[in-house]
Amino acid sequence: MSASVYLVMSGLLWGTGGLTGAEFGHVTGLSALAVAAYRLLAGGGLIVIFKIAAGIARPARAGRRWPAGSGARAAWTRIAVTGLLAAAFQGCYFTAVSLTSVSLATLVTIGGSPVIVQVAERFRGRGRGPAGATLLALCGLGLLVGLPSGGPGYAAVLASAGFALLAAAGFATLTLIGASPVPGLDDLTVTGFGFTFGGLVLLPFAAVSGLAFRPGPAAIGLLIALGTGPTAAAYTLYFRGLRGAPAGTAALIALLEPLTATLLAALLLGDRLSLPGMAGAALLLAAVAATALRGSPVTAGPRRRSWRRTSPRSAGSSPRPPRSAARR
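Going by the numbering used here, the sequence shown opens with residue 1, and the numbers climb by one from there.
Misleading hints may appear alongside valid ones.
Computed beta-carbon distance windows for the label pairs [as the list claims (entries may be wrong)]:
(1) A53 / A212: 25 to 31 Å
(2) F213 / V119: 39 to 45 Å
(3) A290 / M1: 15 to 21 Å
In case anyone wonders, no lab produced these hints; they're calculated from the structure. Computed from a predicted structure; not experimentally measured. We treat Cβ as the ideally placed atom computed from N, Cα and C, and that holds for glycine.
Could you build the full structure based on these sequences and the hints that come with them?
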């Protein structure tokens, strides 16, 4: 499959995380930060368990269960950085939500990530990103999500926007470093061990609001669903897509998350989508589709060699006479 297909699949899976996470928090009574910590631990832990089980069942074909050998230091460094960035992204985003609303936090976080990635790519001299598609997507995101009306004061809005920008920077950095994979480190390993570490980092902060819940069938089922689809599978596909797509393109396709979440809420929960929301969804879908179908890379590749023969001639050979004007 192409890199765009992996990225589109990850965006669609991320869109299911909002409903699943909200239902898990409703059933367990946990705070949003605790849900984020359990999400990372469940997603990373499921991958680690899968790798260990695969290694026991088929030791000859499973490969290494964790990084080892000459490149182990670089691999574990990438895993640690990935975990810290995932924890920072989740923690800052849910802090922004708690200060104002989901709409404002989503608008700043999800909308700011592709902009930060493209600015960083231009600063690094990586060429032009899909600026037109990004502008179209941001307009669509603003119409789809909307802004909160009334409620929080200016101080809370500024604080929420600040945390949301930090969350956007965390996801953008995760995208930028994911575009340069470590040799010998596969996407499943970096997601599994990285997110397990990120969940452990978030646990002390989430413990302030409480981590205990009754592990009933509904709660366990929702936690497994949250850790599997929108976490383990989605981020593994995203990192795999980054191997063949520019970082700016990947960050823009990630905008499928709020679009998918909104459509699922309309279909499953009966939420009504306003006319501006429908227009925003159409603009966002058009921008993502144009980006996913875009064939040219962001960075300029090497110039093609001419079809003419360029090998040096042997000594003493006479140069080829120029063609006449009639034969050109």
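**Report entry** Consistency of beta-carbon spacing, M1 to A290, with hint 15 to 21 Å
**Finding:** 19 Å, holds
Query raised in the report: Using the C-beta atoms of A53 and A212, is the stated range 25 to 31 Å upheld?
Result: 28 Å, holds
Query raised in the report: Does the Cβ-Cβ separation between F213 and V119 fall within 39 to 45 Å?
Result: 41 Å, holds
Checked against the numbered hints given earlier, this structure breaks none of them.
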